[in-house]
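Q: Sequence:
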Amino acid sequence: TSPWVGRVLAEAGAQAASALTLPLGASRWPAAAKRPGERTVVFVHGLGGHCAQFEPMRWYLRMRGIRRFAFFRYRGADAFELSARELRGQIQERLRGGRVDLVAHSAGGLVARTFVETLGGHRLTDRCVMLAKPHQGTELARWVPARALRQLRPHSPTVERLSEPPAEADRVAYLSICAGADHMVMPRTSGQAPVGEAVEIASIGHTSMLLSPEVWRRVGDFLLADAARPSRKSAGSAGSERSGPWRSVQK
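First residue of the sequence shown: 42, per the numbering used here; consecutive thereafter.
Hints listed in this document are in silico derivations from the structure and should not be mistaken for laboratory results.
Quick reminder that beta carbons are idealized off the backbone N, C-alpha and C, glycines included.
Just so you know, not all the hints are guaranteed correct.
Estimated spans, in silico, between C-beta atoms of each pair [claimed, not checked]:
| id | residue 1 | residue 2 | range |
| --- | --- | --- | --- |
| 1 | 224 | 161 | 30 to 36 Å |
| 2 | 266 | 207 | 22 to 28 Å |
| 3 | 89 | 208 | 31 to 37 Å |
| 4 | 104 | 161 | 32 to 38 Å |
| 5 | 161 | 195 | 26 to 32 Å |
| 6 | 133 | 108 | 32 to 38 Å |
| 7 | 185 | 78 | 38 to 44 Å |
Take these sequences, add in the hints, and give me the full structure.
A: As structure tokens, this is what we get:
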């Protein structure tokens, strides 16, 4: 079997596993923070996704000692800014006095960054992990007329608004993990964020990365480390080894 066929089968398997976890996909929030600064990991799914896609990662992070989790669910048909406002409202209402670490998949990363960079979320957020997020949009969105996907087209107003993060974004530590076998984010360079550090894992796909122990480990390491403040970077080309903030990993 060729590597390409193997990756297609792995991604199909990940989609099937995602469907099986759907009954676990209710939005859940913990009690309000009991002490100032208490941190909660907030998961934000992608378009067409659901909260339960993060359950395997949550189990892993719990084994590493993280105890507070929340799952934000939004309507994919809504504008990302509206969803980001709902995220802000739920964080302010449900996690009063606490801090948040965001872990977002695909288009959920646009919701997370909109919250952090345009709606004052940097005041509440310490870390933001983005998995397979189309920072510069995706060419695939040009072929689908749905409103939500129009926001993901390259150079759309949503994409352009986030192309140059404000100075306040420097208060948040960012990590982008990109899938080297991603069939949704095209070109792959769209997965590189204009802020923070980024790594590409060559052998995983857009959905299968949520089931990857290597991705879980990197997310856990980032969330548990002392957050070094990010430095801005210009987007480079994916798939090559770099000494700066972009790293490509063969797995």
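Q: Tell me if the beta carbons of residue 224 and residue 161 are separated by a distance inside 30 to 36 Å.
A: Since residue 224 and residue 161 have Cβ atoms about 35 Å apart, the given range 30 to 36 Å holds.
Q: Just to be sure I understand the hint, the distance between the Cβ atoms of residue 161 and residue 195 should be within 26 to 32 Å; is that true here?
A: 27 Å, holds
Q: So the hint says 22 to 28 Å: do the beta-carbon atoms of residue 266 and residue 207 match that?
A: 24 Å, holds
Q: Does the beta carbon distance between residue 104 and residue 161 stay inside 32 to 38 Å, or does it fall outside?
A: 33 Å, holds
Q: Confirm or reject the claim that residue 89 and residue 208 have a C-beta distance inside 31 to 37 Å.
A: Given a distance of about 34 Å, which is inside 31 to 37 Å, the answer is holds.
Q: Can you let me know if the beta-carbon spacing of residue 185 and residue 78 is within 38 to 44 Å?
A: 42 Å, holds
Q: Does the Cβ pair residue 133, residue 108 satisfy 32 to 38 Å?
A: About 21 Å separates the Cβ atoms of residue 133 and residue 108, which means 32 to 38 Å is violated.
Comparing the model with each earlier hint shows a violation of hint 6 alone; every other hint is respected.
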